[in-house]
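Residue numbers (our numbering), protein chains in the order written: chain Y, 74 to 323; chain U, 74 to 323; chain F, 74 to 323; chain D, 74 to 323; chain H, 74 to 323; chain X, 74 to 323.
Hints listed in this document are in silico derivations from the structure and should not be mistaken for laboratory results.
Among these hints, one or two may not hold up.
No copy labels: a pair is met if it fits in one copy or bridges any two.
Below, in silico cross-link-like pairs of lysine to aspartate or glutamate (EDC-like), each with a Cα-Cα straight-line distance of 20 Å or less [as the list claims (entries may be wrong)]:
id : residue 1 : residue 2
1  : 299       : 244
2  : 322       : 139
3  : 75        : 244
4  : 299       : 228
5  : 96        : 211
6  : 75        : 139
Number of protein chains: 6
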Amino acid sequence: MKLLLINPNTSSPMTHAIAQGAKAVAAPTTEIVAVQPSFGPLSIEGHYDEAFAAAGVAEQLRLAQESGANPAPDAVVIACFGDPGLEAAREITRAPVLGIAEAGFHAASMLATGFSVVTTMTRTCIIAERLVQRYGFEHQCRGVHGTDIAVLDLEDAGSTVIDQIEQTAREALSRDRSGAIVLGCAGMTTLCQTLTERLGVPVIDGVAVAVKFAEALAALGLGTSKHGDYATPLPKVYTGWASPFGWPKR
Amino acid sequence: MKLLLINPNTSSPMTHAIAQGAKAVAAPTTEIVAVQPSFGPLSIEGHYDEAFAAAGVAEQLRLAQESGANPAPDAVVIACFGDPGLEAAREITRAPVLGIAEAGFHAASMLATGFSVVTTMTRTCIIAERLVQRYGFEHQCRGVHGTDIAVLDLEDAGSTVIDQIEQTAREALSRDRSGAIVLGCAGMTTLCQTLTERLGVPVIDGVAVAVKFAEALAALGLGTSKHGDYATPLPKVYTGWASPFGWPKR
Amino acid sequence: MKLLLINPNTSSPMTHAIAQGAKAVAAPTTEIVAVQPSFGPLSIEGHYDEAFAAAGVAEQLRLAQESGANPAPDAVVIACFGDPGLEAAREITRAPVLGIAEAGFHAASMLATGFSVVTTMTRTCIIAERLVQRYGFEHQCRGVHGTDIAVLDLEDAGSTVIDQIEQTAREALSRDRSGAIVLGCAGMTTLCQTLTERLGVPVIDGVAVAVKFAEALAALGLGTSKHGDYATPLPKVYTGWASPFGWPKR
Amino acid sequence: MKLLLINPNTSSPMTHAIAQGAKAVAAPTTEIVAVQPSFGPLSIEGHYDEAFAAAGVAEQLRLAQESGANPAPDAVVIACFGDPGLEAAREITRAPVLGIAEAGFHAASMLATGFSVVTTMTRTCIIAERLVQRYGFEHQCRGVHGTDIAVLDLEDAGSTVIDQIEQTAREALSRDRSGAIVLGCAGMTTLCQTLTERLGVPVIDGVAVAVKFAEALAALGLGTSKHGDYATPLPKVYTGWASPFGWPKR
Amino acid sequence: MKLLLINPNTSSPMTHAIAQGAKAVAAPTTEIVAVQPSFGPLSIEGHYDEAFAAAGVAEQLRLAQESGANPAPDAVVIACFGDPGLEAAREITRAPVLGIAEAGFHAASMLATGFSVVTTMTRTCIIAERLVQRYGFEHQCRGVHGTDIAVLDLEDAGSTVIDQIEQTAREALSRDRSGAIVLGCAGMTTLCQTLTERLGVPVIDGVAVAVKFAEALAALGLGTSKHGDYATPLPKVYTGWASPFGWPKR
Amino acid sequence: MKLLLINPNTSSPMTHAIAQGAKAVAAPTTEIVAVQPSFGPLSIEGHYDEAFAAAGVAEQLRLAQESGANPAPDAVVIACFGDPGLEAAREITRAPVLGIAEAGFHAASMLATGFSVVTTMTRTCIIAERLVQRYGFEHQCRGVHGTDIAVLDLEDAGSTVIDQIEQTAREALSRDRSGAIVLGCAGMTTLCQTLTERLGVPVIDGVAVAVKFAEALAALGLGTSKHGDYATPLPKVYTGWASPFGWPKR
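Same shape as in the complex, but just chain Y (with noise of 0.2 Å):
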């Protein structure tokens, strides 16, 4: 199966490292194809970078749907902790379309019965927070935490930022009454094999998950409902530089 992996900014190092957590989790037969939008913020950490990045995500979306060439992607994954884009994404495919955070939520609610969210900047925890809500995870998240290391200062963790990190995850397990950890970016990835080890609980990293749980709805055969509220579309006229992304009369 060929499982497109969209990272919403526009750090080629980030792409190239997310893709490199996926490809290390996904099964033997999926292939992972990475990519990230032509335009928008380099980092996400904040609403207007979202509003964007989510945009990003729906050309990378439509142009890999309709690249006659390649086969249209059997399943998608937006790696960043926001989920921009998440249900745009949706209309336009029939596939799965799993967001990190979201994943990462299903995933910590089937194994601890509360857990907490450690992410980056502390003035993100609020996208975090209301995609709890959205989601439906207010009873099981028991906490998000900023820890105020910026995205890209992930790109190169040295020990101080993975020691922060753990840090910010012991307070939270306690004070949260938390039995797991999920990781609130993309960028984190690399960081979950040590965090797991020195933490002793389970740290969710969404990318891997949301990759897991795409292959395991792609196998089954199951994609995004095309009845009503994820229907394809409306046909329309897109103006300006998305005049390519408008929707033709059928």
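The hints should help you fit chains U, F, D, H and X onto chain Y, whose structure is shown.
Quick look at chains U, F, D, H and X alone, frame taken from chain Y:
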């Protein structure tokens, strides 16, 4: 005061119509400046359309903020019922920013114990329902009802369209036991007066209340908090067509 | 327009102070008529006080509606943070009626993702918390904090009182991760300016926003729905001192 | 023990009828003392009526507490389905205080997974729905249904009235998938027996369960907490007709 | 009346202690019949223990219902704070069935605006928290606190144990701003009196209130609804040791 | 990997059918070991049946963990839509444990904005509704619908049964405005394919998704957290038939 009225879609007739509606209710001292994105969908009828529209809202507010010549807006209204780009907009201005769905819900909850929303395509009800949940109006909003009238068909709404909306509104008032109707599309602005006369209950046009609430907040010197979640974006490089929209180091 | 400003307690100095605050923000065309009940508590600091105050609000609005000479009010504001008699008032007028807690919560949720309330006696926090739940602001209101300053001590609030409120507000902003402060008592109106300068975040005086929101709704011709739950009371005999407040057969 | 039964409206026949109902279920050792306010509405069918009734409840409990001669009540029941003045009453006594809506909801949730409320005027459904939310019974209460029978028409309820209530109850049981009916008005006390026989499910009269629960709590020496939110009111001057109801300095 | 008191664990000393507590508060006309399962855990301190205990509760009630000689119980109380087997029990009897957690929460919410639970092992807090959610007391229950005292250590609770519970309760009252304490284990029955005297707030023993509420409901002829969700089980074959507990065809 | 598939009821044909369904979707490297309790109900159609089934699930997992010969399972699936014994099972293993209701809800919420559940006896709807609340899917699950088909009648489901389920599903999709159907009984596994073809929306068989999700979690080395709420049970003596299931001192 200068009120920036952003129509998130790219239909100039609709931008014009909304501007007329806004000017009709604005205070004499309020200058309404109506804009629309330089790109994106002609109308917004789903999540995919919204993803582009949100970026368009960010683009327009950013341009309005930057343009050295003009003064920055004293208040901002986003005139699409999905409130696309609302959070993004709040990050990049100190002015108050209101979405018309948000404003409509707030107003309705001040006038009746329960209200119903009458909108366009049924497939977009989920967008309004999510906002209702997000903003906390689940006890006041007793129903969201689609008419399956296309947004652009509202531009020259004939009597059939009005009758259809009236009919849906009447059914909603009785089935939902509601006391007020919130119009679920900026394109319905022009129908508000007629529907009010016909229905005999408060019929709320989000554009009108958003304009008045924005004037109210601005008059009190109240604006978007820059403390915490809505703080100005972090310095960041943007790429591709969006490169002008990055945030310089300070 | 004529705006009836009802102070639910019987402290004339407070009625005067609140009226001053309202006049300072009202539009030139708005006539502020400030009244207080003919009976009841000098200040409202609990459920027992509120029970009498709510009846007092009903008394005053009824008198203002009836008085043949004067025109009936075009808008009504109830200036006590518990919003006593709000529902009762809405039944007996077609004008919009706003409580200051309600107005403060609505305004704060338009300016920040989360706000905190700073009020007087800790024992009254439960009243604000119940309103937060009733109105649907449980996700936006991140904390209600008592200062244990008596309401009447606000009348001639010295620097100690202000410092104490500022201190509580600072702690709330950081502990609650809030972006705005809602002042939890009409008696704090006079402190709003100072606290805004000191705190550097939006500080919301419910009286001011209630006046502006009431003006906004009235300007649009929007009033309390008479369809259903807020319909005019049924004809009814009242006895005792309340006999003038019954409702005649029509 | 002495149980103060307060009928918040001023209909002596209803006070008498409710007292009969209470005495019929009270323990032999329980003395039922039934009172009604010295002022206010003959029946309670909306928020406006309730505002006066709540003050009337406070008046009567205060008088019962003060009257040196008689001992203070050991328990208090407020016999109107809107539970007017419940919180106020709790502040001024150490005895347990129960509202009949509250008691009815608690009892129903112990007997069935879901219950429906059948009440009088449809316009009062909102009052019961608000209490359901306030008390936390939103998952158990599956519907609140109005019969549009006036409260005073229950006093000499003929077979038509009973048939109408039975019919509404039957529809509620099936449409709401409920297992029990809560009667939504103290005036329905006299119909409970008949409806129980006809419907074959638990039919709950709030007056009866409130009396028994109050006896239960009093028997265990449990009363309203004076720690925090329900502490005795602060010393305060009251004015006008309410001046006797202020609270002296201690 | 005959009240079946089921201790879901298999500790005879605890069954005896609970029975003593129940008899101390029961009406003279109430016969307390205390039983315990023929199998299962000596104490219940987790989900695994509860799974066996719930079956044990079903076993004991079934035996009590069947035993031709004795009359069936008029009311049932399940004396373990997790309310194990509560739903199962309700299916197989027409008598009212009360769990002690349920009864404790209901009672506390009648006496204070907020209460705190003090229980045994911290690992069991999640069980109480789930019940709080299930029953709808999330606004009233402001905290569930573990003492990490083992259930069986309560049997001969020395002063250290009592002091520890008192200390946890005091902290809860202040940190949670609560007005009452609910004891989170049937084994704490014997400590209720002492803690009440020491804390000066209502301290609620679920066993005592469950007994009194059960008496109250039974006295009114109210029992578990057999309409719908709690209807008598369908005829069914059971196998293995449970074969006597199947349900014969009728 | 070894996946323990526990059928909580004692119907061998159903255990066989479920095992077939699981094997049909499992990875080649996954060994499905299907078991059923040594005691209890032939089918689970209510709370009483569930009480025995939960203990049966605990029995079987305990046996599978203990049996020195075989390796312990790498993942566990509980194949009854009420998820009986789910929490108990998580306490006694480090492997991931999934219930089929839980898995079905998670999967559905990844594929549609809203889903409906179609189950067997209407009386069991409450069980699914409680799980929906417990797991946090109240916004996604738009309806739970009974067909009143007995569980055992699914074993040799003729066309009538399928037609009936299809009919209920069609009505649910339209009335609930849902985009996916979750089959509310493990016995419906065999009907999933047919219903998918007929309905044209995702039809989710909890057994299949639970198997794939369990494989996904196990593949990532993720298992039930032993930190806190799901920690291994405390040492404890069990009595009667359950004595082998106590927990030895370590």
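Between the shortest in-copy and the shortest cross-copy C-alpha distance, which are at most 20 Å for residue 322 and residue 139: within, between, both, or neither?
-> Answer is within: at 15 Å inside a copy they meet the 20 Å cutoff, but 38 Å across does not.
From the Cα coordinates, with 20 Å as the cut-off, is the pair residue 75 and residue 139 best called within, between, both, or neither?
-> Intra 15 Å, inter 41 Å, cutoff 20 Å: intra-copy only.
State whether the alpha carbon distance between residue 299 and residue 228 is at most 20 Å within one copy, between copies, both, or neither.
-> For residue 299 and residue 228, neither the intra-copy (38 Å) nor the inter-copy (28 Å) Cα distance is at most 20 Å.
Alpha-carbon proximity between residue 299 and residue 244, which holds within one copy, between copies, both or neither at 20 Å | between (43 Å within a copy, 17 Å between copies)
How would you classify residue 96 and residue 211 at a CA-CA limit of 20 Å: within, between, both, or neither?
-> Answer is neither; intra-copy 31 Å and inter-copy 35 Å both fail.
Copy assignment of residue 75 with residue 244, given that the CA separation must stay at most 20 Å = neither (39 Å within a copy, 35 Å between copies)
Of the hints listed earlier, those the structure fails to meet are numbers 3, 4 and 5, in rising order.
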